[in-house]
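K.L.:
Residue numbers (this note's numbering), protein chains in the order written: chain A, 1 to 96; chain B, 97 to 320; chain C, 321 to 893.
Everything labelled a hint here was simulated from the structure, so no lab data went into it. You can trust all of the hints, since none of them are fake.
Here are the simulated DSBU-like cross-link-like pairs (lysine-lysine), alpha carbons at most 35 Å apart as the crow flies:
#, chain 1, residue 1, chain 2, residue 2
1, B, Lys232, B, Lys210
2, B, Lys234, B, Lys210
3, B, Lys210, C, Lys484
4, C, Lys826, C, Lys757
5, B, Lys232, C, Lys484
6, C, Lys826, C, Lys675
7, C, Lys757, C, Lys675
8, C, Lys484, B, Lys234
9, C, Lys675, C, Lys827
As the structure is a computational prediction, the values presented were derived from the model and not from experiment.
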Amino acid sequence: MAERIIPPSTYYRVFAVLIALTFLTVGLSFLPIGVWHTVGGLFIGAVKAVLVALFFMHLIHGSKASWVMIGAGLFWLGILMVLTLTDYLTRHWLLY
Amino acid sequence: MADKSAVLWHHFDDLSHQHEANALGMWAFLATEVLVFGALFTGYAAYRFSYAEAFEEASSRLNVLIAAVNTVVLLTSSLTMALSVWAAQVGRRRMLVWCLLLTALLGTAFLVFKVVEYNEDYREQLVPGLAFDPGKWKDTNPAHVQLFLAFYYIMTGLHAVHLTVGIGIVLFLALMAWRGAYTPAYYAPVEMWGLYWHFVDIVWIFLLPLLYLIGRHELSDLHL
Amino acid sequence: MSTVLEHVPQAVPPPAQPQVHYLNVAFGVRSWLLTTDHKRIALLYLVSVTLMFFIGGAAATLIRLHLMTPNQAPGSGLLTADNYNRMFTMHGLIMIFFFLVPVIPAVLGNFFLPMMIGARDLAFPRLNLLSWYVYVSGAVITFWAMLRGGTDTGWTFYTPFSTKASHSLVVPVLIGLTIAGFSSLFTGLNFVVTVHLMRAPGLTWFRLPLFVWSLYATSVIILLATPVLAMALVLVAVERLWGVGIFDPALGGDPLLFQHLFWFYSHPAVYIMVLPGMGVVSEVITCFARKNIFGYTFVAFASIGIAVLGFLVWAHHMFLAGMSVYASLVFSALSYFVAVPSAIKVFNWTATLYKGSVWLQTPLLFALGFIGLFTIGGMTGLFLAAVGLDVHVHDTYFVVAHFHFIMVGGTVMAYMAGLHYWWPKMSGRMYPEGWGKLAALIVFVGFILTFLPQFVLGYLGMPRRYASYVPEFQVLNVMSSAGASILAVGYVLPLVYLIWSLGYGKKAGPNPWGATGLEWQTPSPPPPENFAVTPVVDRGPYEYASSGEIEVIGGGVPEQAAQAAVQEESHGR
Numbered sequence: 001m002a003e004r005i006i007p008p009s010t011y012y013r014v015f016a017v018l019i020a021l022t023f024l025t026v027g028l029s030f031l032p033i034g035v036w037h038t039v040g041g042l043f044i045g046a047v048k049a050v051l052v053a054l055f056f057m058h059l060i061h062g063s064k065a066s067w068v069m070i071g072a073g074l075f076w077l078g079i080l081m082v083l084t085l086t087d088y089l090t091r092h093w094l095l096y
Numbered sequence: 097m098a099d100k101s102a103v104l105w106h107h108f109d110d111l112s113h114q115h116e117a118n119a120l121g122m123w124a125f126l127a128t129e130v131l132v133f134g135a136l137f138t139g140y141a142a143y144r145f146s147y148a149e150a151f152e153e154a155s156s157r158l159n160v161l162i163a164a165v166n167t168v169v170l171l172t173s174s175l176t177m178a179l180s181v182w183a184a185q186v187g188r189r190r191m192l193v194w195c196l197l198l199t200a201l202l203g204t205a206f207l208v209f210k211v212v213e214y215n216e217d218y219r220e221q222l223v224p225g226l227a228f229d230p231g232k233w234k235d236t237n238p239a240h241v242q243l244f245l246a247f248y249y250i251m252t253g254l255h256a257v258h259l260t261v262g263i264g265i266v267l268f269l270a271l272m273a274w275r276g277a278y279t280p281a282y283y284a285p286v287e288m289w290g291l292y293w294h295f296v297d298i299v300w301i302f303l304l305p306l307l308y309l310i311g312r313h314e315l316s317d318l319h320l
Numbered sequence: 321m322s323t324v325l326e327h328v329p330q331a332v333p334p335p336a337q338p339q340v341h342y343l344n345v346a347f348g349v350r351s352w353l354l355t356t357d358h359k360r361i362a363l364l365y366l367v368s369v370t371l372m373f374f375i376g377g378a379a380a381t382l383i384r385l386h387l388m389t390p391n392q393a394p395g396s397g398l399l400t401a402d403n404y405n406r407m408f409t410m411h412g413l414i415m416i417f418f419f420l421v422p423v424i425p426a427v428l429g430n431f432f433l434p435m436m437i438g439a440r441d442l443a444f445p446r447l448n449l450l451s452w453y454v455y456v457s458g459a460v461i462t463f464w465a466m467l468r469g470g471t472d473t474g475w476t477f478y479t480p481f482s483t484k485a486s487h488s489l490v491v492p493v494l495i496g497l498t499i500a501g502f503s504s505l506f507t508g509l510n511f512v513v514t515v516h517l518m519r520a521p522g523l524t525w526f527r528l529p530l531f532v533w534s535l536y537a538t539s540v541i542i543l544l545a546t547p548v549l550a551m552a553l554v555l556v557a558v559e560r561l562w563g564v565g566i567f568d569p570a571l572g573g574d575p576l577l578f579q580h581l582f583w584f585y586s587h588p589a590v591y592i593m594v595l596p597g598m599g600v601v602s603e604v605i606t607c608f609a610r611k612n613i614f615g616y617t618f619v620a621f622a623s624i625g626i627a628v629l630g631f632l633v634w635a636h637h638m639f640l641a642g643m644s645v646y647a648s649l650v651f652s653a654l655s656y657f658v659a660v661p662s663a664i665k666v667f668n669w670t671a672t673l674y675k676g677s678v679w680l681q682t683p684l685l686f687a688l689g690f691i692g693l694f695t696i697g698g699m700t701g702l703f704l705a706a707v708g709l710d711v712h713v714h715d716t717y718f719v720v721a722h723f724h725f726i727m728v729g730g731t732v733m734a735y736m737a738g739l740h741y742w743w744p745k746m747s748g749r750m751y752p753e754g755w756g757k758l759a760a761l762i763v764f765v766g767f768i769l770t771f772l773p774q775f776v777l778g779y780l781g782m783p784r785r786y787a788s789y790v791p792e793f794q795v796l797n798v799m800s801s802a803g804a805s806i807l808a809v810g811y812v813l814p815l816v817y818l819i820w821s822l823g824y825g826k827k828a829g830p831n832p833w834g835a836t837g838l839e840w841q842t843p844s845p846p847p848p849e850n851f852a853v854t855p856v857v858d859r860g861p862y863e864y865a866s867s868g869e870i871e872v873i874g875g876g877v878p879e880q881a882a883q884a885a886v887q888e889e890s891h892g893r
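From just these sequences and the hints, can you work out the full model?
P.N.:
Below you can see the structure in the form of structure tokens.
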């Protein structure tokens, strides 16, 4: 295969970061940070997901088409969530 | 030993072309899975905005410890899955088989812990429809708590179904690998289903904060 | 003029009717049921989809018969009110999920996508066969449920009626539909990967036939929308089976959440149904006007534009559901935008016909029908996109007429056009042209008579999904039912003469229409591997004639100038 091979050392390093981030996200939930629980949790989750995708899933060496596919999936999920929430967030707004 | 020409389909130019198609096909499938779970996340988000207090209260009653352990288990299984792809790429058959078996074992451990967790949820009267006591939720709206729990079971349940399918496939891959079906020239199935496995892991990475960590925890929540 | 035909691209003369082709390379039930040849799978789909069309048509027949009378006295009319509800539900479900969504992609797309890009098969042939089995399983389950009474929820399964109140076989039907959805997903996935990776050398994206562009856009919609519908239907089933109330107002659940998730798929679904039809029309118009498409890039990007914009408008089905007014305004504005790419396509087809050398054969007659009827249907969609107007015509026959103009006047017409256009290639036989033209005319007349009165009915206030109506509406209803009977004749005719042509039709050569396109460079019927040698592409898809010639033909220039131009050409070569 003409594919670039990611060495196991990279995998171990990424794994260590992922475990550390897991401890961080669980640890944060014991602090009194109010609304930042959700924001922080999602942010850390996103960082972990990106690490898994780039390295474990080889996206960092991936073809353009695979980037487009995953980008499209995420973008469309964004459309679903944002436009649906425009209903829920504005339902109780008064018209006048 | 698998004959190279026996696995090349007639409509592809060569094995590399076939490998590329398999990988892209799996990425396209994963994009659809993003939308499947995404639909659930959307519904969850809509109610989370509307009933924030009840959701936080309900979330704090879930077992964070098991969830955290399960997260570590699943991340480790992703590591072993990635290592098995590497083993296939460099032709180390025994390592490939062991890593695949380890991946399946870790996935199974996740499911076992999940069953333990569900059992505890049942004992704690956290199962709407089966074992739920509205009286225990006097500070918030029990109906909204049930909504949270409904989403909790559906989302983790769907995730568990995906994981079970993944375990079955990984075991099958281990069998084929033991029989020598995969070489550095042909290991597309390992990589493809590796992608699936990592995706299931990523779903859990988001389920953890969204379901278990939305409110403040006390140390007593760890059920030690 | 002979000078025009000289520029029609011909391959190295292919052999006369081939000895071995995909139909006779192997015989027996197993060779068909276990085939991985995309052409055979397309025919398997053709048979199943046609069967489902006539089953859905039977339901429509019963509906139109029932609606010949006002049925105001309880118990009067051909059907009971309850059975009427089941009838329109099953008509909608079968026609949408088992006919309109799969028909052009799974029949014409499966057959011709690989051939049009010079490939030997789709990227995943076994997945292709699996998608047919999954389709059949879904159809069998749904049909079984239908025979046991079906559902009465409408094809939209709105909660809380579907989750709590409906005493019908909701869950079996949901299972059948979810399974059929997977079939659609597999096809879409196959097409996307195929178009990315299996194009012949030299076939860049902007040399692709527009049918391929439209199938690609359709497949993108399928991949991104269908999973959300699957989830919505599963949640309804879960709520119905185990009382877990996601959409239950008593638990603080929101019935509108179901509608959001449902329409997130079901609006793009209408583009799944119509985009492939538009692709067929692009192919047919260019061939039968003997002219390059006007504005290729615009038409190609319009397909992508429809796919993307189609995802941003779903809540225009929910203006009256209780959604926030602000959201309604947002979706209304977005709905106006989605009309633009479709309008671009209609304009470009018209411009292609202009100054073309029009050859009024059956495929073109159906394609012209598409353009006219789709335009009317599309413009009435703009009426519905205006919230103020929709308040009055929502859930009336105005909506029913609107979507039938697009689905029947659009997609079915386009399917007929494509079926006739590619019939010689698929079967090796020509259909009888006189009968084809007659069928096109009957379909067109029948269609107008059936659905045009429904716009009036809706505007006058006749609600949809009601088993009875006020007597003042009877004349228009009878007109509509009469039209439906004519339409039925128009659809049965091709069934008869196409089957007849298999045994008795004139044998077709490789390129009876003188069309461009890789699929016409093979024998009819094609060999199992499509191409003996992988073609190398060095030109665009619709190079029918150089633009200089067109000016001579249509410019009103006297004969001498025409001859001079011809001489110039022959010296130039």
